[in-house]
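Student: Residue numbers (this note's numbering), protein chains in the order written: chain A, 1 to 219; chain B, 1 to 441; chain C, 1 to 371.
It is worth saying that the hints were derived from the structure and are not from the lab.
Don't take each hint at face value.
With a Cα cut of at most 16 Å, we get these calculated EDC-like pairs of lysine to aspartate or glutamate [as the list claims (entries may be wrong)]: (1) Lys18/B x Asp103/B; (2) Lys152/C x Asp94/C; (3) Lys264/B x Asp338/B; (4) Lys81/B x Asp146/A; (5) Lys215/A x Asp103/B; (6) Lys13/A x Glu333/C; (7) Lys421/B x Glu397/B; (8) Lys266/B x Glu194/B; (9) Lys97/B x Asp146/A; (10) Lys41/A x Asp286/B; (11) Lys77/B x Asp146/A; (12) Lys215/A x Glu21/B; (13) Lys355/B x Glu66/A.
Computed from a predicted structure; not experimentally measured.
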Amino acid sequence: MDLLSFARGPALKVALAVFCLGVGWRIAGFWLLRHRRNLNKPRASVLKFLSEGFVAVGSRSWPHREFIGRTGAGEALGYSYHLGLFAVVLLFTPHILFLGSLFGVTWPGLPSSLITMISVLTLTLFLAVLFRRVTNPVMRMLSNFDDYFSWFITALVMVTGLAATAHIGGPYQTLLGVHILSVDVLLIWFPFGKLMHAFYIFPSRAINGALLARKGAVS
Amino acid sequence: MSDATGVLAADLAPEQAKTPEARVAGAMHGFAQEVGALSAFRLESCIHCGICADACHFYIATEDPQYTPIWKVEPFKQAYKREASPFAPLYRLLGLKRAVTADQLVQWQHLLFDSCNMCGRCSLICPMGIDVAALIEQARHAMFDAGLAPKELYQKAAHQRATGQPEASTEPYREQLLAIGTRFAVEIPLDKPEAEVMLCVPRTDIEHYPSAVAALARVMQHLGISRTFRSDGLVAENYGYYAGGKSWQRDISLRLIEQAILVKAKTLLVPECGHAYTALRWEAADLYGKPLPFTVRHVTEFLADELQAGRLKLAQAATGKTTFHDPCQLVRKGGVNDAPRALMKAMGIELNELKNHGGFSFCCGGGGGVLDIERAAPLRYRTMENKLREIDDTGAETFLTSCSDCRRTFDDAQAHFSWNKSTHSLLELVAKNLAGAGNRT
Amino acid sequence: MTHAKSELTVGEMLLRHGISRRSFIKFCTATASAMALPPWMGPAMAEQLRNSPRPSVVYLSFQECTGCLESLTRSFAPTIEDLIFNTISLDYNDTLMAASGEAAESARAKAMKDNFGKYVLVVDGSVPTGAGGAYCTAGGRSAEDTLREAAKGAAAVVCVGTCAAFGGIPFADPNPTSAWPVSAIVGDKPLINVSGCPPMPEVITGTLLQFVTTGRVPDLDEHQRPKVFFGNTIHDRCYRRPFYDQGKFAKTFDDEGARNGWCLYELGCKGPTTYNACATIKWNGGTSFPIQSGHGCIGCSEPGFWDKGSFYSPLSAPAWGKAGEVSPRQVGELAGAAVAAGAVLGLASAGVSRLRQRHGEQHTDNEPKGS
Numbered sequence: 001m002d003l004l005s006f007a008r009g010p011a012l013k014v015a016l017a018v019f020c021l022g023v024g025w026r027i028a029g030f031w032l033l034r035h036r037r038n039l040n041k042p043r044a045s046v047l048k049f050l051s052e053g054f055v056a057v058g059s060r061s062w063p064h065r066e067f068i069g070r071t072g073a074g075e076a077l078g079y080s081y082h083l084g085l086f087a088v089v090l091l092f093t094p095h096i097l098f099l100g101s102l103f104g105v106t107w108p109g110l111p112s113s114l115i116t117m118i119s120v121l122t123l124t125l126f127l128a129v130l131f132r133r134v135t136n137p138v139m140r141m142l143s144n145f146d147d148y149f150s151w152f153i154t155a156l157v158m159v160t161g162l163a164a165t166a167h168i169g170g171p172y173q174t175l176l177g178v179h180i181l182s183v184d185v186l187l188i189w190f191p192f193g194k195l196m197h198a199f200y201i202f203p204s205r206a207i208n209g210a211l212l213a214r215k216g217a218v219s
Numbered sequence: 001m002s003d004a005t006g007v008l009a010a011d012l013a014p015e016q017a018k019t020p021e022a023r024v025a026g027a028m029h030g031f032a033q034e035v036g037a038l039s040a041f042r043l044e045s046c047i048h049c050g051i052c053a054d055a056c057h058f059y060i061a062t063e064d065p066q067y068t069p070i071w072k073v074e075p076f077k078q079a080y081k082r083e084a085s086p087f088a089p090l091y092r093l094l095g096l097k098r099a100v101t102a103d104q105l106v107q108w109q110h111l112l113f114d115s116c117n118m119c120g121r122c123s124l125i126c127p128m129g130i131d132v133a134a135l136i137e138q139a140r141h142a143m144f145d146a147g148l149a150p151k152e153l154y155q156k157a158a159h160q161r162a163t164g165q166p167e168a169s170t171e172p173y174r175e176q177l178l179a180i181g182t183r184f185a186v187e188i189p190l191d192k193p194e195a196e197v198m199l200c201v202p203r204t205d206i207e208h209y210p211s212a213v214a215a216l217a218r219v220m221q222h223l224g225i226s227r228t229f230r231s232d233g234l235v236a237e238n239y240g241y242y243a244g245g246k247s248w249q250r251d252i253s254l255r256l257i258e259q260a261i262l263v264k265a266k267t268l269l270v271p272e273c274g275h276a277y278t279a280l281r282w283e284a285a286d287l288y289g290k291p292l293p294f295t296v297r298h299v300t301e302f303l304a305d306e307l308q309a310g311r312l313k314l315a316q317a318a319t320g321k322t323t324f325h326d327p328c329q330l331v332r333k334g335g336v337n338d339a340p341r342a343l344m345k346a347m348g349i350e351l352n353e354l355k356n357h358g359g360f361s362f363c364c365g366g367g368g369g370v371l372d373i374e375r376a377a378p379l380r381y382r383t384m385e386n387k388l389r390e391i392d393d394t395g396a397e398t399f400l401t402s403c404s405d406c407r408r409t410f411d412d413a414q415a416h417f418s419w420n421k422s423t424h425s426l427l428e429l430v431a432k433n434l435a436g437a438g439n440r441t
Numbered sequence: 001m002t003h004a005k006s007e008l009t010v011g012e013m014l015l016r017h018g019i020s021r022r023s024f025i026k027f028c029t030a031t032a033s034a035m036a037l038p039p040w041m042g043p044a045m046a047e048q049l050r051n052s053p054r055p056s057v058v059y060l061s062f063q064e065c066t067g068c069l070e071s072l073t074r075s076f077a078p079t080i081e082d083l084i085f086n087t088i089s090l091d092y093n094d095t096l097m098a099a100s101g102e103a104a105e106s107a108r109a110k111a112m113k114d115n116f117g118k119y120v121l122v123v124d125g126s127v128p129t130g131a132g133g134a135y136c137t138a139g140g141r142s143a144e145d146t147l148r149e150a151a152k153g154a155a156a157v158v159c160v161g162t163c164a165a166f167g168g169i170p171f172a173d174p175n176p177t178s179a180w181p182v183s184a185i186v187g188d189k190p191l192i193n194v195s196g197c198p199p200m201p202e203v204i205t206g207t208l209l210q211f212v213t214t215g216r217v218p219d220l221d222e223h224q225r226p227k228v229f230f231g232n233t234i235h236d237r238c239y240r241r242p243f244y245d246q247g248k249f250a251k252t253f254d255d256e257g258a259r260n261g262w263c264l265y266e267l268g269c270k271g272p273t274t275y276n277a278c279a280t281i282k283w284n285g286g287t288s289f290p291i292q293s294g295h296g297c298i299g300c301s302e303p304g305f306w307d308k309g310s311f312y313s314p315l316s317a318p319a320w321g322k323a324g325e326v327s328p329r330q331v332g333e334l335a336g337a338a339v340a341a342g343a344v345l346g347l348a349s350a351g352v353s354r355l356r357q358r359h360g361e362q363h364t365d366n367e368p369k370g371s
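Taking the hints into account, I'd like the entire structure generated from these sequences.
Tutor: Quick look at the structure:
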């Protein structure tokens, strides 16, 4: 079986299965731990509790005035490469077709050359992010294998994707096969590392916002 | 002289001596007790972005990465991943995560106690919405179980649990309270069998700011509310909370709870004390095991309600340009942002807010028990420099707050830095500016 | 139509047909140029051919649809293609030859014997090995037997068409006849795969011509196809490439994009992964090729093209399962099952954690529990 058929065939099937299994395992594995009921009287109504939680999902994306001086640049860097990644993953027609095959829905995409430009920009930002992680003393102290490997596998997907679209580095089906294979590896790694934050971020913010609202506290 | 883990005996109480194995076992036991779905979710969600450091005044003042808030709970995170996370069996089988060591725990004592005011500012900045302060509180419980709570906190907690007072005093607080009543010519209703409002006192006020105790008594007298102090439940502070001894925290809170139930109080009034509010308003019911049969209110909340209802009238206070320090436990963590401001507005105070005020205020530096930890003083002073500068930058002549420990911390800084400002109590100001007779007679 | 052996040289044959030497040189030059051979090779080829006796070619057909032969004979310049038939001595082709039965078979046997070690063996169709070879027999002999025997005396083996080159349609899942490509049976002779379903006429003739005139096998890729024709993908030479780059894709066969000649990627075009000369040489004397006519390339010159997923499913789509097709429903089932399995494992690990927690707590007093 050639590389491309393997990558988008059995390898992809296994990768998707491991991804789904891992995500189900990880989320069930901690959410089924002990829950404690809050017996203190809340300050806010249930409605406020829920709505503040909902609002917190988005509001945390923009740092408060008091913090923005110190964190603005770093957060802007982080959010912008995420936006770039989403644009490339969700608005490049071959990707839309891939996701369409999985989910049964498609949507319009951006011109491919624009996607290429966004990809290059995103990759540059992504390299900047690694540089920051390695040079910033706080991040360097916090970082472990998970941080670096997750970065690496994401970068690999981006680089191989660019190589495939630009037809640089080999025959097209090899480039495409390597790209899809790197996505397979990313899918398999996903549930075991920090990439899970994609699933965690919104519920986590919502819970934090709701619990703070419950006390009438700012969030 | 140090034990096998290198902990200086001077830093711990004699009862806290443990073998390294026992320390690890204690910590693991503590971690196990604390882990649940919510804390697990929080520990899972950390993406190592380090942004929490930018909210923490210990990091801001020193630029030392070890003070990154989430780093303070690293042993907890490590233990969780190895022992209780979804993949924990795999991690243990394949040896992918190291077990927490006694040396690590000893190293972390400084991070979890000396360099954390439990102020909760980090919980506001985390992009993942992690309540880092909650994790630190939980990690402290494990440190307590490991026998690693700083001795000042441990000893005060032990003493308070046994006697109701964090420390022995020349005269019991009960007597001191009555003496204050005499000295300031104010009623001190003590040990009444029934009352609508149960009162308690910050022991910091009894020892250092008796006028504040008088102010509390005076305001309540002015309002003519059915109230009482109780000898068996007098002290507002909870050193069990500081030390991280959860069952001790419960026992200490229970004194107040039981007395409030005994007198059939509708309200348990928390005086000007920040963490007493956190301990009673937001944690006591869980420790007690069921909802409290009374309301817990901070004195500023209570008075603001009275103000709104028209039962409290205040005269204009001539304080000139004024600024206010928001106690973390009251405002950021407690949710009582508006009440102090309502009182100040009613007194016509010209309030110049601090650059970081309300829920974003920087901690005074003494919270979380740090004020009591002697060896933490140098670090504490470093973090306070920024806060004092902020206060000065408002150009205020009068500096107010509504927490006796914050007040004590600032006054201590006044001495250390030869700072030009004294810290005044909002409650005392209210007591000085009561207008008209109270509604209930 | 053919002779078992001819004493006439190619040049003499050409003259008989009224083809001047000049015309023939032009033809050879064109062919040489199409094969990217140096310009001097054209006249050299012509000279070589004109003065040689026509080389013997034995053309065996097995599990095939005859499309390859149709392609070869489907020429818009019959004179030229006919020339090829006159340039070589097509000593056996069961479709084209007039003889049949015993006469045909003995003609073949004689040609193979007379030209042993020198004839070019051209094969189209795959070779079935199932049921003892009963799925394809001629004259009572299985295809496999016939092939093995014929290969013994061949100077080279040219596998025309994807069936002969890679197994093609008979080889596709479930391959009920146990069909194999020629290369699986013949291992010890120079072998050239001229794949395509069918291959382009000029590709067949060009390859044959080159071998016949130079005696050498051209440069081959990893699938043993002449690089000169199979070195680039359709995508690399496709005139619709600018639309691909701009992201302008036709979504249906008759929408505005299709009518404007936009890229057919979404409609399943396999151009990017297919190596052939369709985009440059084109079909029917340079008239058109599938993409130009509005249908995506189906990748017919590639191994296993029949099993590589739907012709209408784009290259970026997942492709596991039967016939390489995956529906959202199948994905949903897989994902659902995996998540459920994961949740069960999560339940188990949470259970283990909680048991360990409780065990740890047994040794303490009634302390309040965390969350």
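Student: Does each hint fit the structure? Answer for all of them.
Tutor: Tested hints:
Pair hint Lys18/B plus Asp103/B holds up; C-alpha atoms about 13 Å apart against a cutoff of 16 Å. Restraint check for Lys152/C and Asp94/C: not satisfied, since their Cα atoms lie roughly 20 Å apart, outside the 16 Å limit. At most 16 Å may separate the alpha-carbon atoms for a hinted pair to count; Lys264/B and Asp338/B exceed this at roughly 29 Å. Restraint check for Lys81/B and Asp146/A: satisfied, since their Cα atoms lie roughly 13 Å apart, inside the 16 Å limit.
The suggested pairing of Lys215/A with Asp103/B is violated, with an alpha-carbon distance near 37 Å, which exceeds 16 Å. In summary, the hint linking Lys13/A to Glu333/C is supported, as the alpha carbons are separated by about 12 Å, within the 16 Å threshold. For the proposed pair Lys421/B and Glu397/B, the alpha carbon gap of about 8 Å is at most 16 Å, so the pair holds. Using a Cα cut-off of 16 Å, the hinted pair Lys266/B and Glu194/B holds, with the two alpha carbons roughly 10 Å apart.
Proposed proximity of Lys97/B and Asp146/A is supported: the alpha carbons are some 12 Å apart, at most 16 Å. The straight-line distance between the Cα atoms of Lys41/A and Asp286/B is roughly 10 Å, inside the 16 Å bound, and the hint therefore holds. Between Lys77/B and Asp146/A, the direct Cα distance comes to roughly 14 Å. Compliance with the 16 Å bound is thereby established for this hinted pair. Taking the CA atoms of Lys215/A and Glu21/B, the gap is about 40 Å. The hint is violated against a cut of 16 Å.
Simply put, Lys355/B and Glu66/A have alpha-carbon atoms about 8 Å apart, close enough for the 16 Å limit, and the pair holds.
Consistency with the previously given hints fails for numbers 2, 3, 5 and 12, ordered from lowest to highest.
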